Each structure stands twice: as structure tokens, then as C-alpha cells.
Amino acid sequence: MSAAVMSSAPTRSGPGLRLTLALFLTPVVLWLGLLIVLPHIDLLIMSFRMDPSFGDQGWSLENYHQFFAEPIYWLTFVRTAGYSVLVTLLTFLVSLPVAFYVTKVVARNTSRFLLTMLLLPFWVSELVRVYGWMILLRESGVLNHWLMALGITGAPVEMLYNDATMIMGLVYTSMLFMVVPLVSVLESLDDSLIEAACDLGAGPWTIMRTIVVPHCMPGIVSGGIVVFMLTLGNYLTPNLMGGKNSLWFTEQIYNQFIASFNWNQGAAFGFLLLALSSCIIWLGLRLTGQKLSRVVQ
Amino acid sequence: MPTDISPATPPAVSADLSVTRLVKRFEKFTAVNDVSFEVERGKFFSILGPSGCGKTTLLRMIAGFGSPDSGVIAIRGRDMAGIAPNRRPANLIFQHLALFPMMSVAENVAFGLKRRGMAGGEITRRVQDVLERVGLPGYGGKMPAQLSGGQKQRVAIARCLVLEPAVLLLDEPLGALDLKLREQMKVELKTLQAEVGTTFVYITHDQSEALVMSDHVAVMNAGRFEQVDTPRNLYRRPASAFVAGFVGETNVWSGTLEEATGDAGLVRTDEGAVFRARVAAGLARGARVDMFIRPEAVLIDPDGATCVTDGATDGAGDGGDAPLPVRGPCANRVQVQVQAILFDGAASRLLTHPEGSRREVMVALPQNRLYDHIRPGDRITVGWDDRAGICFAAGSGR
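Protein sequences appear in the order of chains V and W. So for the first sequence, our numbering puts the first residue at 788; every next one is plus one. So for the second sequence, our numbering puts the first residue at 5; every next one is plus one.
Calculated directly from the structure, the hints in this document are not laboratory data. Hints should not be assumed to be uniformly reliable.
[What the hints assert, rightly or not] A few chain V residues facing chain W, derived, Cβ under 7 Å:
(1) 832
(2) 983
(3) 989
[As the list claims (entries may be wrong)] One-sided excerpt, in silico: chain W residues whose CB lies under 7 Å from chain V:
(4) 95
(5) 102
(6) 116
(7) 140
Fair warning: this is a prediction, and the values are worked out from it, not measured in the lab. Ideal placement from N, C-alpha and C gives every residue a C-beta, glycine not left out.
Let the hints inform the model, and build the full structure from the sequences given.
Encoded structure:
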């Protein structure tokens, strides 16, 4: 009997190991295969076919041609890409001082507390947080109420539905994804490097530029990739805070799928967005001299 | 019983660094307590003390990291109060060197020069110069991670020396090296300092580093300077029980003072033996004392004329008024039983117990083959000169 128990126990090599590996890999493979790879293959095929409501017309590049033929599509596309890069840069500029303050300036206990305070709002869903902003900023909102009460403005000002508000909302939404990787790389930065730079005559700006930022590069790039992809693919925040003026490319995709019911066109737009984000991330990695394998660690 | 250090006279022009009545408190703990000293131009000054004695705090204040609660730090006669570390003519070599890992050796060394806005060609020339001087020509293109411990050390020194600071501060930079390399770097640092003529302030807990390299050593304990003196005087004439116990190895014998005239006295140990020894000032007859005697001052088989005692002062005026030695009979003798032979090459010792006592007494065992006959369990006579032992008030060294 003991022999039976022994043989059924997984061994370090041979078929036992392979079985364990297969067992653990199965959910991952199923997840990736069924929920991500298969639907994407289906969408890819769909993007090269025409709307079937007029009957099957075989393979065609018409959906992609449509994108370039109609200025509103590619202008929205370019605008979304540009604003996503801008949001990523702004998020970095806001997050670096925050992360530096949390890790290097305050005492250890305070640092833990501050980090928790940073994480706390993200326990609430994005939708609720965006509505929170809308309550503050809308025409009959809290801010306008105060401005009028203090006599700064005579009539309420519409602060929603413009690009600046939308970008602020996007920065706010994605800030955490930049702060967390920055905090972790900053924690690995030896304080004596900063002190040595100061001792050798460097001021605060030079220390940031020559010591802190180069050290943080892997964290900056990984945070940047996450923020950029989240912003590019964000639908909720541009739609709610930017309104009809937001012209975010995700809205075009949504319109094709839901409003026009042209899934083939929508699929083509989706793949264009995927190609765009891949290109910009590749470019970003090349420019900063980072390797994807190092950044994702 | 720390010696009282009177406030320093106004800094002379030749003093590169002058520290006057410096105090630093952290809440209730006083890290640096009324410390004053001066370092002359071109000298190698060490601050020696156990960990936690406040020496790092003191050094960081000189570099500008942390400001004193009271007192004055002046570099080349200029008060440093309110001057940020990046504007001080002093550079610090950190304990773990703090070389910038993302920069090459040349970029590391050039860092300070670039901050001064020096022209590119001039920077390249000076970097090459200083790398040559520290024995690393052609290493400019390497990354710090590719260097050995000793090479990193030299890059860290080059990075500071290239700025030609008035004072170079070193925070135990040899601590991370292995023993052999440390011995080698000790000599190298000393030679380098003599060559460049920069004033060095070096802190360490390793007495050998301090004694070998320094012109003057300050022994620091619990935030105060116990003694500032030449290495030789610290070793020969410790001013306090702490210095006697911390600098060099020592045997401690507790007893009672039987007689005291001037700085000479007669001690009766707790075992009943009577020894002649030097006595610290302020001790009277009947006082409880600790007698410190170095293993290397204890001679095996003193044959009557081998002991060396103090004679008249040499009067050479070389800083230490060390009396010239004269030969004479050993004043103190005691029978001991050898417990063990601790062989350690040149530092070999005998572990012995005096007759009828469990006290451990270390005796230096010179490796000149005169004493090869000694075996564990042997009874031997040991003796030392009446000026070799020194007494301080009991318990004052802790």
C-alpha cells in the first residue's frame, strides 16, 4: 500500500512533473486560447470581410480603406494617440514627485500610510470616481457653487466636456499605475547615491536628471506602458468627462459595433488600435534604450 | 574619566578644518557632545571609536548632511553654518562608496567637474590625470560593476580628489574589503595622501587603520573625544581607561591603590600580588583601580636586565615628548601557569593564569625561537617594567 502512495506522489522528474506542469498550465492555456486568441482570430478574419448584410463578398481591404478615406476616423485616431502620449507624460510628471516624497522624504511609517492613502481611492470603481469628478465640475456642481458664493464668477461656468478636463480625468485615473512601479524602483535607490551627488556639487534638478531618473528608467517605462495602454483603450473617462467633444477612438469602435452594427468595420478599427499601441510602445522602448523583458519584471 | 577638552583657540590659518564645541542631539540622545578639534593642512586625521559613538554623525555634519545644534565648523577659516553640502570645499567618501552604477568610471569622476561647468576638453584631461594618479589609467570606459573592490575604492577617491577639496572625509571606506586587500589599501591610502597633500579626515572603528595611517588620532566614545594624540602616544600613554582598553590589546587587573606619589604608584591586586605602575591623575591611596598592561609589554623569563624603562625626555620636539628608553631590572614579576599557546604568527600569545588565580593574562610570545620550549601547563615567570602598567579608576572604561 505504501508503494501505491509513493508512486502516486508527484516525482521531481519524468511523467509526474509533466503531469503537474500540464495541470497548472491548463487554466492559463484555456484562458488565453478560448478568451483571447480565438476571439481575436475571429475578429481579424471579420475585419478583412465586408458587412454580411449585403451577402458574402469574400476577402477585402475595404474596412481598412474606409479608415483612411474618412478623415474623421484617422483624425480621431491621431488625436487619441497624441493625447495618450500626453497623458502618459503628464502622469509621469505628477507621479515622480509623489513617489519620491513617499519613498525618500518622509519617515518609513508615514510612507506606508501615504501609500495606503494613494491606493484607497482605487478600491472604488472608475465609474464612481469619474462621477465624483462630474459632481465637482459640472455647471451646477460644487466648484461652481463656491465660485459663485465667493463672487468670483457671476454665472456658472461649464467645466466639463472639454479636452483639459478629460486629460485631467485620464491622468487621475491612471496615476496609480505610474506611482506604484516608481515607488518600487525608488525604494531600491541607495540614499547615499543621492547624497554623493549632492556632495559632488549637484543641485536638486541635476540629481533628479542624472541620478534618480536614470535609476528609475525600468519603472518609468513599465509604468508608462501600462498608463499608455490603459489611456488609449479607455472608454469611460473620455466619454463621461469629454462628452461628445472627446472624439476618443474607442468611441468610434463602440459606434461601429453597437450603433452602426458594422462589426467588420469595428474589428478593423480594433486592430488598427492594437497596431498603434504596439508601435508606440516599441518606439518608446527604443528611445529609452530599455528591454521589454527587463521592464515587465 | 574623559579628559576635559578646552575650547579651541581661534582657528589658525594653517588649519584646514576646525571644529569648535560641536553638539548634536537626537531627541534625548546626545550623539556628539561638545567636540572640538583642529586639523592642520595636509595632515591625516582619524577619528577612532566603537560603532554608535557618534563619529559618523560628526563626519556627516562636517560634510553638511545634518546641522549641529551648537558649535562651529570652519573649513579653511570659513564658517560652514548654513552652507549646503554641494557648496562646501569638503568631499565625502561614503562607506559603500556610492559610485553611480549607471555611469562609467570616467563619467563618475567627471561628475563633480561637470557640475562646476568646466569645459569638456579640460574635464577629459583632468579625469585622465586623476585616474593615472590613483593607478587606474585606461579604466575610464569601464562600468563600476566591472571593477574589483580595491579599484572601486580608488575610483571613489579619484572622484573626490579631482575636485581638489580642502578636506577629504572618509567614512570607513575599507570596511567592506577583505583582510588582505584592507592591509594593502591602508598603505596605499597613506601613500596617496602624502603624495597629493590633501587633508584627510578618516573615521573608523578599526584601531589598526587609524594607527597605521594617521598623523593624529582622536579616540571617540559616547559622543566625546577621550583623547587626541599621535598614534604612538595613544598607545603608550592613554589618557583614560577607555583609550587604554580600546587602542591595542590589554590585560586588565583590578585592585586597590596602596601608594601613590606623582604618577607612580603601588597596586595590590585582588589576588594579593603587588605591582608598581603608573597612576592616572586624581587617584589617591585606597582607591579601587583597574590596571592595564599590554601583552607585548609582559616579558617571559625576565633575567634581570631586559626590561626597558623610561629615561629622560628626548627633547627633540617631534610632537611626542617620549622619554628615551633605558635598560633596567624588571620591577614587577609574577609566576604564571601556561593554559594555552595561541599561535598567530607574529601576534602569537600565551594564555596564562597567575598562581592561585583564575584571571586570564595574555603574554606576547615572540617568534624568535627563544621560547619554543614552553608547553601548556608549564610554570613560567613573567615580568614587566614599573612604567608599563597604568591605573585608572575602577570601572571608568565602560
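Okay, the hints, checked on the actual structure:
Taken as an interface hint, residue 832(V) does not check out: its beta carbon lies about 47 Å from the nearest beta carbon of chain W, beyond 7 Å. Using the Cβ-Cβ criterion of 7 Å, the hint placing residue 983(V) at the interface with chain W is satisfied: the shortest such distance is roughly 4 Å. Interface hint at residue 989(V): satisfied, since its Cβ lies 5 Å from the closest Cβ of chain W, which is below the 7 Å cut-off. At about 6 Å, the closest approach between the beta carbon of residue 95(W) and any beta carbon in chain V falls short of 7 Å, and the interface hint on this residue holds.
Because the smallest distance between the Cβ of residue 102(W) and any Cβ of chain V comes to about 4 Å, under 7 Å, the interface hint for this residue holds. Checking residue 116(W) against chain V by beta carbon gives a least distance of about 4 Å; that is within 7 Å, so the hint holds. For residue 140(W), the interface hint is violated, the least distance from its beta-carbon to any beta-carbon of chain V being 18 Å, above 7 Å.
When held up to the earlier numbered hints, the structure conflicts with 1, 7 and fits the remainder.
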